[in-house]
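Participant: As a plain string of letters, each chain reads:
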Amino acid sequence: AQKVTQAQTEISVVEKEDVTLDCVYETRDTTYYLFWYKQPPSGELVFLIRRNSFDEQNEISGRYSWNFQKSTSSFNFTITASQVVDSAVYFCALGYNQGGKLIFGQGTELSVKP
Amino acid sequence: DTGVSQNPRHKITKRGQNVTFRCDPISEHNRLYWYRQTLGQGPEFLTYFQNEAQLEKSRLLSDRFSAERPKGSFSTLEIQRTEQGDSAMYLCASSLIQGPLHFGNGTRLTVT
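One line per chain: the protein sequences are A and B, in this order.
According to this note's numbering, the first sequence is numbered sequentially starting from 1.
According to this note's numbering, the second sequence is numbered sequentially starting from 1001.
Worth flagging that the hints you see were computed from the coordinates, not collected in a lab.
For clarity, every value in this text was computed on a predicted model and none was experimentally measured.
Positions of the beta carbon are idealized from the N, C-alpha and C atoms, including for glycine.
Possibly wrong hints are sitting among the right ones.
Taking lysine-lysine pairs in the DSS-like style, the calculated list, with each CA pair at most 30 Å apart, reads [unchecked claim]:
#1 K38/A with K1057/B
#2 K38/A with K1011/B
#3 K1057/B with K3/A
#4 K3/A with K1071/B
#5 K101/A with K1071/B
#6 K1057/B with K101/A
Rough simulated footprint, nothing fancy, chain A against chain B, three-plus residues with beta-carbon under 8 Å [said to hold, decoys possible]:
#7 1034-1044
#8 1084-1098
#9 1101-1107
Excised from the complex, chain A in its bound form:
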């Protein structure tokens, strides 16, 4: 079965707090890709990151960081020093090519309050 689970439906934090969004995936394939997308209130899904299954090195981009652990089938996303502009729905997704068809999780709605 191929599935992505984002157990946190909603998270609310106060500005400058750190927040971690969880993502757990299921697949029998050994080669796959994991993605995070941001969907602000405007509705357009914005690509944030893509990782392949052979690269477990964590990645940091500014205030964003990603922790990929194959042993627990998790690909968690941390926002450091959150800002009001980070308020959005965040989706984790699983794919089998660098592009291609994606299987999305249910999303986590992040609300950052001033």
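Let chain A serve as the given structure and place chain B on it in line with the hints.
Facilitator: Just chain B now, kept in the frame of chain A:
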């Protein structure tokens, strides 16, 4: 840099009517995807094209749904005999063959 463009942004129709949505991808992208998103859920894959060829269709896509990409550029998604259950946001995305998907703003369909 023009992104993926979808028209219309909103469509309200009565049950039983046909509707058609248009998607203009990023110009150099040869893959085009359609997804459907309902409230509180992640996008669900419907179909995708590589150039003008439709390479995969989801089992979610009933016979009332048809998509085309006649010249490998823009695409249309038609829903015939709409039902209330078709109410959703219809998202289009495009990509290079090995690239991540870039999404448009979507067309919100309401069937009354």
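Participant: Look at each hint and say if it fits the structure.
Facilitator: Verification of the supplied hints:
Restraint check for K38/A and K1057/B: the C-alpha separation of about 25 Å stays at or below 30 Å, so the hint holds. A C-alpha spacing of about 24 Å is found between K38/A and K1011/B, which places the hinted pair at or below 30 Å, so the restraint holds. This hinted pair checks out: K1057/B and K3/A have alpha carbons roughly 18 Å apart, not beyond 30 Å. With a CA separation close to 34 Å, the supplied pair K3/A and K1071/B exceeds the 30 Å bound.
Straight-line distance between C-alpha atoms of K101/A and K1071/B comes to about 21 Å, which keeps the hinted pair within the 30 Å bound. A distance of roughly 10 Å separates the Cα atoms of K1057/B and K101/A; the hinted pair therefore holds under the 30 Å criterion. Beta-carbon proximity to chain A at under 8 Å applies to 5 residues in the stretch 1034-1044 of chain B; the threshold of 3 is reached and the given coverage holds. Restraint check on the stretch 1084-1098 of chain B versus chain A: 7 residues with Cβ-Cβ distances below 8 Å, three needed, restraint holds.
With a cut-off of 8 Å between beta carbons, the stretch 1101-1107 of chain B has 6 residues touching chain A; three or more are needed, and the interface restraint holds.
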